[in-house]
Amino acid sequence: MKNWQRNGILVGAIFVFGGLRLPFEAGLRGELQAAHLIPQALEIGTRDKIGQTSSAVALGGLRTLVATFLNLRAFGFFEAQRWDDVADTFDTIVDLAPKTRYYWEAGTSHAAYNASSYYLNQSTLPPLRRREAWRASVLRGRAFLERGIKNNPTDWSLLRNLGFLLSDTNLFPAFRNPDETFLAAAAAYRRSAATGNALPYVRRAEFISLARVTGKEREALALGRELYASKENRAPTVLLLLLVLEAHENPALDSAARAVEFFGTAQSAYENLCRYWLRTRELFPIYGVASALESLERTLAIPQEKSIFNKPLQSRPDADEWFRN
Amino acid sequence: MTGIQLNKPQGSHFGRIWVIALHAFTQLVRMKVFYFLAVFAVIAIASNFFDLPQHEGPESVGINVLRSIKSWSLGTMTLFSVVLSIVATALLLPKDVEDRTLYTILAKPVPRLDYLAGKLLGVLLLVFVSLALMDILMTVVLHLRAGMVLDQQMAMAQARGWPAEAIAELRADTALHGPSWSLQGAVWAVFLRASIMASLALLISTFSTSTLFTTIISFLIYFIGHFQADARDAYLQAGEAGQGMLVRGAGLVMSLVLPDFQNFNVIDAVIEGQALPMVALAKLSAIGLYYAIFFTGASWFLFAKKEF
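Chain order of the listed sequences is A and B. Numbering follows this note's numbering, in which position 54 of the first sequence is assigned residue number 54; successive positions increment by one, without gaps. Heads up: take any position in the second sequence, counting from 1, add 1000, and you land on this note's numbering.
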């Protein structure tokens, strides 16, 4: 057999071999992608961002390792407070390792908490620009986390963190409408609990968020009563919100007596109600709280000068106030 | 009559292949490739210290370090196995020609297929032993660290009075990031990819003019192999995407000629804590075997009539 014939046979064999394996490999790729065992192909933008060498390595089966390197680089940017670089790096990292919860939570944390705090406290920008940069950071953190949830819809922790972010007193003024924000936070906690993997406090957090939404008091009360049925859920904030929602439903309710029922003694009920009264920063509803406090102060013979009503309240979260200077 | 009998191969194919494989293995071990294990040990231990700030809840404390250990270890294994399988295979034939060992072997009644299969098996044996040693080291480091993380988490959960079901859930979640059968499956996937590369390098070395040529072409194919699936998609979905015949034809040729390495990227999912089903691993093994057999057969087809 001549060389050209031999080579021709080999080339033909390669094509036949390729034709035989092609449908099997395509099918296996589909199965592995459906099972989230292999990711979708990298976007061209991601390939550009990670650079030629890293791209080759990432495509060469080392995506998670490249993501680890980039995470170290992002930490350097974080130390230097280069927030745009931190955000860009995390965009690339999550393209490489979209199933890793840590990267989604770290990227969110840097944008929504670290960068926003920087613009709130340290930046030398003029107030208006600081305020816009602060708000943009919070919104970027939320958008990033929501992308993470889209990629990992059954991850209870990411959903829980969205609830945290939306109900954080230092952040929610960035979303402007507190009712919508608390409602979104409650929805995030509810989805987190629905995954079946969340810790018990997530349902309590859902209740605490929902109770703050104007117009959702009845729904919140139903949830509160359901939680109250289980002893482990009877945390002070849950009991107090339950009391307030009952007072909203029935304005004639003797809130002081109900508080004593919840907390065992008048003294304990008074102390818990005082703490709740002072938490104005968290925008908790206060139906029946003032009357309960007045009644308990009379019962406990609290002198006028020591009355809770003489203590200064926390300022309500107000972005206008934060960026005045 | 006697002369004809003398020229007939003696013993079984497997016996001959095994002898040649052991010789190739010894030859490669003498090149001190196992020194790399010291580097791997340093990497496996150093990966314990990449403990960046915690952004997750307290229930995830330490998980990032476990992921870091797996990521660094499997990444290093991938690099090492691919480099070793390509370079070692590329070296084997030229070295045997240079040492004139090849002439001695081929002068004996050893079928050329046995010679090639033996050489390939020697390289695969070396890659397998190296990966097994690295796997043991990774598993020990991971086991120790996972134990520490689990103790830390259990203490935290008990201090916070978590219910028993939540503690059991936490334990199961953390176990996903510790040593597991899926992790062993990922190491097997690393080996399969290296095996394909070794058999491909063997095919190239049968017509290549130098070790350097074999090495460069093999690495190029390795990297292009990670785009093969894109080319196949371009061919299969060309109608939907409205692409022309040229793109479709180029996609078809690429997907028929080049191996698809993207399917072996299941390693990344395992590092992220996902389970690797046995079915998927069996299918990957079947593909790996299919490539290895075809490339070895093709190598023999070219090597059988080659004159030295």
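Calculated directly from the structure, the hints in this document are not laboratory data. Warning: the hint list may mix true and false statements.
Only some residues are given here: those of chain A computed to face chain B with a beta carbon under 7 Å [claimed, not checked]:
#1 Ala26
#2 Arg63
#3 Tyr102
#4 Leu139
Because the structure is a prediction, the values reported are computed rather than measured. The C-beta atom is built at its ideal place from N, Cα and C for all residues, glycine as well.
Each hint tested on the structure:
1. Evaluation of the A:Ala26 hint against chain B yields a held restraint, the C-beta minimum of about 6 Å falling below 7 Å.
2. With 7 Å as the threshold, the beta carbon of A:Arg63 comes within range of chain B, its nearest partner Cβ sitting at about 5 Å, so the hint holds.
3. With a cut of 7 Å, the hint placing A:Tyr102 at the interface with chain B holds, because the nearest CB-to-CB distance is about 5 Å.
4. Interface hint status for A:Leu139: violated, as the beta-carbon distance to the closest one in chain B is roughly 18 Å, over 7 Å.
In this structure, the one hint that does not hold is number 4.
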